[in-house]
Structures are given as C-alpha cells and as structure tokens.
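K.L.:
Using the sequences and the hints, build the whole thing.
Number of protein chains: 2
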Amino acid sequence: MSKSASTPTIGVFDSGFGGLTVLRELLPLVAGAHYIYLGDTARLPYGSKSRETIVRYAVSSARFLQQQGAELLVVACNTATALALDDLREALPIPVVGVIEPGAEAAAGACAAEQVAGQAQGEASDSLSQVLVLATQATVGSLAYTRACAALGLRATEKACPLLVPLVEEGWIVDSESESAEDAARASVTAQVLRIYLNEALHAAPHSRALLLGCTHYPLLRPEIERTLAELGRPLRVIDSARATARAVAKILSLKQAAKLGTSAVSDEATCEFFATDSVQKFERLGSRFLGRPVEGVRLVDLGG
Amino acid sequence: MSKSASTPTIGVFDSGFGGLTVLRELLPLVAGAHYIYLGDTARLPYGSKSRETIVRYAVSSARFLQQQGAELLVVACNTATALALDDLREALPIPVVGVIEPGAEAAAGACAAEQVAGQAQGEASDSLSQVLVLATQATVGSLAYTRACAALGLRATEKACPLLVPLVEEGWIVDSESESAEDAARASVTAQVLRIYLNEALHAAPHSRALLLGCTHYPLLRPEIERTLAELGRPLRVIDSARATARAVAKILSLKQAAKLGTSAVSDEATCEFFATDSVQKFERLGSRFLGRPVEGVRLVDLGG
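The listed protein sequences derive, respectively, from chains F and L. Heads up: the first sequence begins at 40 in this note's numbering, then just goes up one per residue. Heads up: the second sequence begins at 40 in this note's numbering, then just goes up one per residue.
Since the hints were made in silico from the structure, they are not lab data. Heads up, a few of these hints could be off.
[What the hints assert, rightly or not] In silico EDC-like links for lysine to aspartate or glutamate, alpha-carbon gap of 16 Å or less: (1) L:Lys321 with F:Glu209; (2) L:Lys198 with L:Glu153; (3) F:Lys290 with F:Glu64; (4) F:Lys321 with L:Glu221; (5) F:Lys321 with F:Glu209; (6) F:Lys198 with L:Glu110; (7) F:Lys198 with F:Glu153; (8) L:Lys321 with L:Glu209; (9) L:Lys198 with F:Glu209; (10) F:Lys295 with F:Glu110; (11) L:Lys290 with L:Glu110; (12) F:Lys290 with F:Glu91.
[Stated by the list, open to error] Beta-carbon label-pair distances, calculated as ranges: (13) F:Leu182 with L:His242: 25 to 35 Å; (14) F:Lys295 with L:Gly343: 32 to 42 Å; (15) F:Lys295 with L:Gly108: 48 to 58 Å; (16) F:Glu221 with L:Ala269: 19 to 29 Å; (17) F:Arg266 with L:Leu271: 43 to 53 Å; (18) F:Gln107 with L:Gly343: 43 to 53 Å.
For each residue, glycine too, the CB sits at the ideal point set by N, CA and C.
P.N.:
Right, here's the structure in full:
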C-alpha cells in the first residue's frame with residue numbers, strides 16, 4: 040500500500056468491477072506506479088441512467104480519487120467516458136484519460152489491417168472501413184464512439200447490449216474448468232443472448248470488419264463472442280480498449296516523467312489500493328474475476344446518495 | 040394533482056418501476072386517495088446491494104415522500120421492505136406498510152387451500168406447508184420471507200433470481216400481440232432463465248405447493264412462470280403480494296378514517312403524482328407497462344448521491 044514520493048499515483052475509476060480489466064492491462068505496462076481503484080458499486084449500473092446522473096456520479100467519484108492523491112485519472116468505464124469526459128476534465132486539474140479514444144484508435148488499426156488483407160483478396164475498400172461497437176444503452180445514446188471513429192475515418196455502428204453486464208456479473212459465462220450441466224445451461228443462455236444481439240447488429244451493419252467491445256465488462260465474454268461470430272459465419276476481429284487505454288496512460292506518464300528531470304526513477308513494483316461504495320466483500324469476490332488476481336483489503340467509502 | 044383536505048395522501052416508494060404493480064392494485068381498492076409515487080431510479084437496483092446502502096437509500100426516499108405530505112407510506116419494494124422496514128418505521132412518524140407480511144399472509148392462505156385439496160386426496164399434511172419464494176439476492180440474504188412465513192406456520196424456501204429484473208426492464212417477455220421472430224427469440228431467453236431458476240428452486244424444495252413472487256417486477260412474468268411450472272410438471276399456485284398489500288393499506292385507512300369522526304368522506308377519484316430520481320422520460324415510457332395505464336407528468340427529484 041505504501042508509495043515513495045517519486046512514484047506516480049494513478050486513479051482508476053469505474054461504476055463497478057469492469058474497470059479492473061483496464062487495471063489488469065496497466066499493471067504490467069505501467070508497473071512502477073501506485074494505483075487507487077474506485078468502484079462506485081452503490082450507484083451502479085451507470086449504463087441505463089441519464090447523462091445528468093452519470094455526470095454527477097462520475098465527478099464525485101473522480102474528486103474522491105484526486106483527494107486520495109491521484110495525479111492522473113483513468114476513466115475505466117465506457118459509459119462515464121462517453122457522457123462525462125469533458126465534465127471530468129473541467130472539474131479536475133489533473134490529466135484525465137478515457138477508454139473511448141484509445142478504443143477507437145485500436146479499432147482503426149484493426150480495420151486498416153483488415154483492409155490490407157481484403158484488398159489483397161480484391162475486395163472493395165469502402166466495405167472495409169466499418170466497425171461494430173457493442174456498448175451500454177447510455178454509451179450508445181451518447182454517440183461518443185461514432186464521433187471518435189469518424190475522427191479517424193471509420194464508420195461505426197453502435198449496438199446497445201443491456202443484458203450483457205448482468206450476465207457477466209452473475210457469472211453466467213463459459214467456465215472451461217466446469218463440467219456441470221447447470222453451468223452449461225447458464226452459459227447457453229448467454230450464448231443465446233449474444234446470438235440475438237450480434238444477429239441484430241450484423242443485420243444493421245453487414246459490412247463490418249471489426250468488433251469493438253465498448254464496455255469494460257465485455258472482455259470477460261470475448262471467447263463466447265468470438266465463437267458466436269464464427270457460428271454466424273462472420274468471424275470479425277474482436278478488439279477491446281483496455282490494452283489501448285493502458286498504452287495511452289504509459290505515453291502520458293513517460294512525457295510527464297521526461298519533463299520532471301531530476302526526480303528519481305520509477306520503481307518497478309506496482310502497488311494497489313481498492314475502494315468501493317458498496318459491499319467490500321462482494322467487491323473482493325467478484326473483482327478477482329476481472330483483475331485475474333486476488334483483490335484484497337478493499338475499503339468502503341461513502342460518496343453520499 | 041390537487042387533493043382536498045380530507046383526502047388521505049399515500050406515499051408509495053420503490054427503487055424503480057416494480058412498485059407500480061402495487062399502485063395498480065391500490066387504485067381501484069383505495070380509490071379515494073391522493074398518491075405520491077417515488078421511483079429511486081438513479082440508485083436502482085437495490086437488490087444486488089448491501090443492507091447499509093439499501094437502508095440509506097430507503098430512508099432518504101421515504102423522508103422525501105413524507106415531506107411531500109404522505110400520511111402513510113407503502114414500501115412497494117421487497118428489497119427495501121426486507122432490509123429497511125424497521126429503520127423506516129423508526130425514522131418516520133407515519134404508518135409504514137411493507138409488502139412482505141401481506142405476501143406471506145397471502146401465501147399462507149393459498150397453502151391452506153392447497154392443504155384442504157391435498158388432504159381430500161389423502162396426501163400427508165406436512166408436505167403441504169411449504170412455499171417457494173422467488174426474490175432478489177438482497178431479499179433472500181435477509182431471510183425476511185423465511186421469518187414472516189415461519190410466524191404463520193409456513194416453511195419458506197427462498198431462491199435468488201437476479202437476472203429477472205433486467206429481463207423485465209428490457210421487456211424480454213412474451214408479447215401476445217407480437218408475431219415477430221425476434222420478440223419470440225427474446226421471450227425464449229427469459230423462458231430458459233426461468234427454467235434454470237425454477238428447476239434449481241424445485242430441486243431444493245420438492246414439496247412446495249405455492250410460489251410467492253417476492254419482487255414487484257415479477258408479476259409481469261406471471262404467465263411465463265405459470266407456463267414453465269406446467270412444463271416442469273409442477274403447476275404450483277402463484278401468488279403476488281401486490282393485492283394483499285393493497286388490502287393491508289385499505290384496512291389501516293378504514294381504521295384511521297373511523298377514528299377521525301367528523302371529517303368528510305373520502306372522495307372516489309384517486310389522483311397521482313410521480314417522482315423519479317433519474318430520467319423522467321424513461322420512467323414515463325417503462326412505467327406505463329407496470330401501471331397498466333399511462334404514466335404522465337413525472338417530476339425529477341435529486342436525493343443526493
């Protein structure tokens with residue numbers, strides 16, 4: 040939990056556990072940092088709520104992390120990035136990194152690679168510049184991905200998938216270590232839901248060549264999504280924004296570090312503190328699934344409400 | 040929206056829309072009242088959160104209704120009743136009616152009827168005194184139904200069904216007026232989820248004779264639940280607490296009315312005001328499905344958070 044004076048402190052914020060998939064990518068890439076993660080679990084989910092409410096929750100969460108010493112804020116939540124990034128940048132005097140621009144850049148890179156492959160096979164280039172984005176209702180309603188992709192010359196089609204977050208939070212996902220018929224029945228519900236959403240999405244955007252996971256819960260469904268796409272005969276390349284976001288943070292920190300001549304070098308060992316606005320037991324239990332390692336010592340914080 | 044001085048004002052509170060199924064039963068039964076309904080939609084769902092958080096949200100919601108003039112509070116939410124009824128009764132100087140005791144009483148009545156029918160067929164009486172309760176994670180964790188049923192000589196088995204609320208809120212339910220294949224595919228997901236939950240529940244409590252819907256969202260799934268029970272060869276009697284709760288309110292009001300000699304008679308026309316803590320548009324759109332009539336003129340209220 041302790042940090043030296045020269046270690047950068049990075050605040051990472053999400054409405055719940057999904058943002059831990061971003062922290063999971065940050066830990067190896069920006070190893071010499073102190074992380075403070077906040078899951079606003081008492082007020083989740085954000086994805087089905089209005090812009091005004093999401094901005095209010097995001098700003099109070101971000102202010103808490105700054106008060107705890109964060110020198111850089113990662114908004115590891117697509118909904119909060121889509122609806123509150125400008126408000127967060129206005130409210131805080133520290134750099135704020137969202138997940139949408141890095142995600143759109145990763146999608147542009149994937150589409151460019153597909154375009155090269157498609158052109159080699161003689162396909163028209165226009166049909167290759169489309170990306171399908173799966174996200175929450177609020178993210179889709181904001182059109183943030185459509186705008187971020189358009190700025191990179193990509194046409195995005197956004198699809199709201201509101202049942203995926205509860206299915207992931209309930210753990211109704213394929214567990215390759217389980218042989219129980221009950222677990223298989225639960226996973227088949229999620230597969231059926233994915234088939235419905237992906238069918239509708241591919242119907243709306245038949246020329247898509249890449250699929251962007253526009254919610255930090257969705258990486259846990261990546262194998263099922265890839266399997267469903269293959270079953271539907273549309274094996275799109277699947278991209279998530281977690282790694283791209285971690286790279287964006289690393290870049291900002293290296294610039295900051297270069298500017299701070301004379302400060303000692305960053306240490307190699309990352310340290311983490313965790314806060315949640317609701318049950319810390321549940322956070323420790325579910326969070327481990329998202330972080331891919333044990334989540335311990337979570338502390339409860341009351342942000343009002 | 041207006042009310043005369045002698046009209047009783049009844050506050051009805053839920054985390055979201057489900058409580059409108061209780062208001063729907065109150066309107067014809069306690070017609071001469073002024074209703075103020077609050078859906079705490081900015082902080083929903085309650086069902087997956089901790090006791091401390093649920094109590095905090097419930098008390099602030101109830102205080103708002105009292106400030107608006109409520110002389111009696113209906114907690115039209117199983118989760119808030121299960122975890123916060125005592126705190127609400129302590130915090131407010133007005134009568135507070137929850138949904139769990141009326142629901143347990145309705146279940147006891149149904150089980151007694153089944154017992155008579157079963158004894159006529161020569162079954163052992165012990166096997167007839169069990170009731171299965173479907174509810175949210177938080178309600179089940181509180182054991183409130185187990186206690187309320189035990190007080191009436193009933194053995195309750197509680198089953199958490201966390202995916203049912205999101206499925207209802209998304210409208211993935213049978214629409215008898217729709218012939219679209221997409222709607223049928225969505226309804227079949229809900230049927231599959233119900234089969235998983237009911238299979239597990241009946242396995243845990245094989246001698247149940249009645250099924251109590253322990254969440255105000257579930258009455259919208261009643262036809263599917265009855266169909267699934269029939270398919271599983273277990274056509275249990277299905278009970279919801281909405282009507283029983285409305286009867287409990289009517290009883291309290293008639294007692295209060297009898298005590299207030301000299302006040303004028305209750306008028307026959309109910310009036311309603313609606314408040315929500317998140318998007319009023321969404322509340323008007325979804326709420327109508329729960330109330331069974333148009334929900335209009337919803338006002339936004341900020342309870343902090």
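K.L.:
Taking the earlier hints as the rules, which of them does this structure contradict?
P.N.:
1, 2, 4, 6, 7, 12, 13, 17 and 18
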